[in-house]
Amino acid sequence: MVTLTIDGKEVTVPQGTTILEAAKSVDIRIPTLCYHERLNPIGSCRMCVVEIDGFGHPMAACTTPVEDGIEVTTNSDRLTRIRQDSLKLILVNHPLDCPICDKGGECLLQDLVYEHGIDKVEYTAAKVDRDSLYATPLIRYWPDRCIMCLRCVTACQEIKGIGAISIEGDGYGAQVVAVDPEICQSCGECLQVCPTGALTADLSRYRGRTWLIDRVPTTCTYCGCGCQLELNVQNNQVIAVTTKDGVGVNQGSLCVKGRFGYEFINSDDRLKTPMIKQNGEFQEASWDEALSLVAEKFSAIKAEHGGGAIGGLTSARCSNEENYLFQKFMRAAIGTNNVDHCARL
Amino acid sequence: MAGLAATFGSGAMTNPIKDVLKSETVLVTGTNTTENHPIFANYLKEAVLKHGTKILVIDPRRIDLVDYAELYLQPKPGTDIAWINGLMHIIIKEGWAAQEYVAERCEGYEDFAKNLEKYTPEYVSGITGLSEDELYAAAKLYGQASPASILYAMGITQHSCGTDNVKSLGNLAMLCGNMGVEGGGVNPLRGQNNVQGACDMGGLPNVYTGYQKVDIPEVREKFAKAWGLEADALDANPGLVLTEMFPAAAEGKVKAMYIMGENPLVSDPDLTHIEHCVEALDFFVVQDLFMTETAKMADVVLPGVSFAEKDGTFVNSERVVQRIRKALTIPGEAREDREIIAELSTRMGYEMKYESAEAIMQEISQVTPSYGGITYERIAEKGLAWPCPDTDHPGTPILHVSNFSRGKGLFFTIDHQPPAENADAEYPFILTTGRVHSHFHTGTMTRKGEGLNKVHPEIKAEINPEDAARLGVEDGDLLSISSRRGSIEVKAWLSDRPAAGLVFVPFHFHEVAVNRLTNAVLDPVAKIPEYKVCAVKVEKAV
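If you read the protein sequences in the order shown, they are chains V and X.
Reading the first sequence from the start, the letters are residues 21 to 365 in the numbering used here.
Reading the second sequence from the start, the letters are residues 1346 to 1887 in the numbering used here.
Read the hints as simulated data drawn from the structure, not as lab findings.
Glycine is no exception: its CB is placed at the ideal position from the N, C-alpha and C atoms.
Among the clues, some could well be false.
[Stated by the list, open to error] Keeping only pairs whose Cα atoms sit at most 27 Å apart, straight-line, the calculated DSSO-like set for lysine-lysine is: (1) V:Lys322 x X:Lys1570; (2) X:Lys1836 x X:Lys1882; (3) V:Lys322 x X:Lys1727; (4) X:Lys1363 x V:Lys44; (5) V:Lys297 x X:Lys1641; (6) X:Lys1727 x V:Lys44; (7) V:Lys322 x X:Lys1558; (8) V:Lys264 x X:Lys1363; (9) X:Lys1485 x V:Lys44; (10) X:Lys1671 x V:Lys292; (11) X:Lys1567 x V:Lys322; (12) V:Lys264 x X:Lys1395; (13) V:Lys264 x X:Lys1671; (14) X:Lys1698 x V:Lys322; (15) X:Lys1598 x V:Lys297; (16) X:Lys1641 x V:Lys322; (17) X:Lys1485 x X:Lys1438; (18) V:Lys292 x X:Lys1641; (19) X:Lys1363 x V:Lys317; (20) X:Lys1698 x V:Lys292.
[To be verified] Every beta carbon over 12 Å from chain V, so not counted as near; a handful from chain X, in silico: (21) Gln1419; (22) Glu1452; (23) Glu1467; (24) Lys1600; (25) Pro1714; (26) Pro1739; (27) Asn1748; (28) Leu1755; (29) Ile1759; (30) Asp1769; (31) Asp1822; (32) Glu1834.
Put together the whole structure using the sequences plus the hints.
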């Protein structure tokens, strides 16, 4: 174990812990931008700089390991100036298009700029028109908003193990591109970790402001992983699916179906009324008509041939509660064990 | 699940998903995990990249996970029992078996071990097409690792010998002492959001909730009492399984069917036959979100609601019971499925009345020992893994820790059985079916919007470039694929994932329904169709 002091507070942590993690363990917050809990430290943004007694240069807390006896300062006029300068340099390129950015209201960059009170950027740079060269029809890349933090590239590599995207070009011309569009699965891990609106869900574009959305926590309706997600609801429409980092088996990740496969919910093709087939054509019916007919037919077949002449298929799509009622109905009301579902298919 | 239940006494994933981070080796077979369980695949990759776990893939298709594998073996389709027995033969011979564990916790070992003697590398190589060196290397990779986990899915079960395939994997895990330990286990990846829950809830013809058997008198009496019925009111005989119900309809034994949220007219084998069976029904009711291919054939269609419009619970692959929550109002006059069932039941003279989904869960926990401690309050933030017998119980992430559910783990003596249909001169290719990453099951949900269709707009048949060259087929050309049961036309996608002689077609696309070709031959125990092997001929369409 290593003991050090952070802002006058004594902290003991295992060797190899970074200063950022050590500070976090005693609830000292150091501002970060490129750092993400699920990723190895990237060290690209310079927001988490701290002073270490005896060292001339401020150090990045996310990549600097603790050492015995060091004294760390996380907040000073000098550090604030460095952080402000880092943010200003980002803002030279990053447009303040927050009014039309889908990330507005929950953008880490927006929060940091606000926190550091930046009302003016003294620097300017020539405007470069950049094409969006991203891999997927579901994720939109806004090159001007990209701050080159590398979270997306790192997540695609480290969390998904895919490496479909990379940074191409250097300095001013650098941008995120698909190095291998064929292997990109549009899972959206990149947009999940993007701290700004540089990567957004294209299906959700301009469909709702973050602060007006209701987020309802639920379980994904596709495979058996059971990922935890939030349905983003506005005006009784699901307009996006989001996740919380660290929640559920998925820890914030989703696949392309979980993240973008929600359109069926509000589809115009949804059945909205019971239907009865007459002379080969479906006619709309009331619930009373439809359920009377079903009850009458099932009862007649049961009376004549026994409950075993009726079969029921319950559903791996439906909830436990519905499955329970369905088999109870088949067994108690119809009187048969002819109940199964598609577990085998 | 029948195979695992027979071996260990309980048919479900034995270990949590995260456990693979603790495995020394993970055997991945019959699961294309990156496409079908992408989040599980995240953990497998993390295990390799950060924890030094080694992955052993044994699969007729060269799945993407092979890029992360220490070793990949490509056996002929339908030869799983042979290679599993072959690995165990080597493991015993080399002294890698967990002798103490086997002696203490298992039974049936003597006969089982004796039967393995004939599965020499030479013999197994002849059946599977794998080399003796490959078999030895795989046996070493799994046999010397501790702990080692086994993951499988429908690539193991959807065979005419599927139950025996699963039992064989159970044998392998027990032989190496990998049951009931962190990072070990035999883990079937469940393909649908609540297929585990539908089984748990008694959506099966032989059991009530929590796998309580219908042919045990005390169990029937308990349910009759709980449901307010006469003590002898419930049917003592197990009912028909799905794959028997349709033929029974054709024979006139089943007169009416009620289907909730399933689309068998795309998902079932030998579709042309299924259509014929459904036409023979006197009365057919379908409850669904959409006018599916199945609903189109119904006499009455009842509009249910999606997971976004109701409260309830799903059970994931690792037996964790988790909440779903109502986020939207119900469209049009559609009704919650539970209300439809209750109303129908009441009209038939058996009254059902529940205030809420939660009230139903309260009844479930009363009649189901393994759900005894599951309440909405307890799972509000985080799910619980069953068995969870009472409200103080923390749930059971790992099964069979000190004892197997059935007491001792049972070794089964199993021999290789060839698939029901083999490639021959007229049908020289083997067809295997499955899913792609961007779509789900019969496509009723994933093919409704724009998004996922942009990513994966159309059906394609994966064919090995070697075969394609021989047939004069280029990428994107139209193929005609026929079996003894039917024929489809589908675009070719040249890919090295299938070995030469194998074609893969996904089953999401009703307009090109691959299940017109598949064979409805069933595993005799689990009654699962042999989707993974049928003989076809492949030609360039004219």
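Outcome of the hint check:
no. : hint                  : result
1   : V:Lys322 x X:Lys1570  : holds (22 Å)
2   : X:Lys1836 x X:Lys1882 : holds (15 Å)
3   : V:Lys322 x X:Lys1727  : violated (43 Å)
4   : X:Lys1363 x V:Lys44   : holds (25 Å)
5   : V:Lys297 x X:Lys1641  : holds (9 Å)
6   : X:Lys1727 x V:Lys44   : holds (24 Å)
7   : V:Lys322 x X:Lys1558  : holds (24 Å)
8   : V:Lys264 x X:Lys1363  : holds (18 Å)
9   : X:Lys1485 x V:Lys44   : violated (44 Å)
10  : X:Lys1671 x V:Lys292  : holds (18 Å)
11  : X:Lys1567 x V:Lys322  : holds (24 Å)
12  : V:Lys264 x X:Lys1395  : holds (23 Å)
13  : V:Lys264 x X:Lys1671  : holds (19 Å)
14  : X:Lys1698 x V:Lys322  : holds (23 Å)
15  : X:Lys1598 x V:Lys297  : holds (23 Å)
16  : X:Lys1641 x V:Lys322  : holds (24 Å)
17  : X:Lys1485 x X:Lys1438 : holds (11 Å)
18  : V:Lys292 x X:Lys1641  : holds (15 Å)
19  : X:Lys1363 x V:Lys317  : violated (49 Å)
20  : X:Lys1698 x V:Lys292  : holds (23 Å)
21  : Gln1419               : holds (21 Å)
22  : Glu1452               : holds (28 Å)
23  : Glu1467               : holds (35 Å)
24  : Lys1600               : violated (4 Å)
25  : Pro1714               : holds (15 Å)
26  : Pro1739               : holds (17 Å)
27  : Asn1748               : holds (26 Å)
28  : Leu1755               : holds (23 Å)
29  : Ile1759               : holds (20 Å)
30  : Asp1769               : holds (26 Å)
31  : Asp1822               : holds (19 Å)
32  : Glu1834               : holds (24 Å)
The earlier numbered hints that this structure contradicts are 3, 9, 19, 24.
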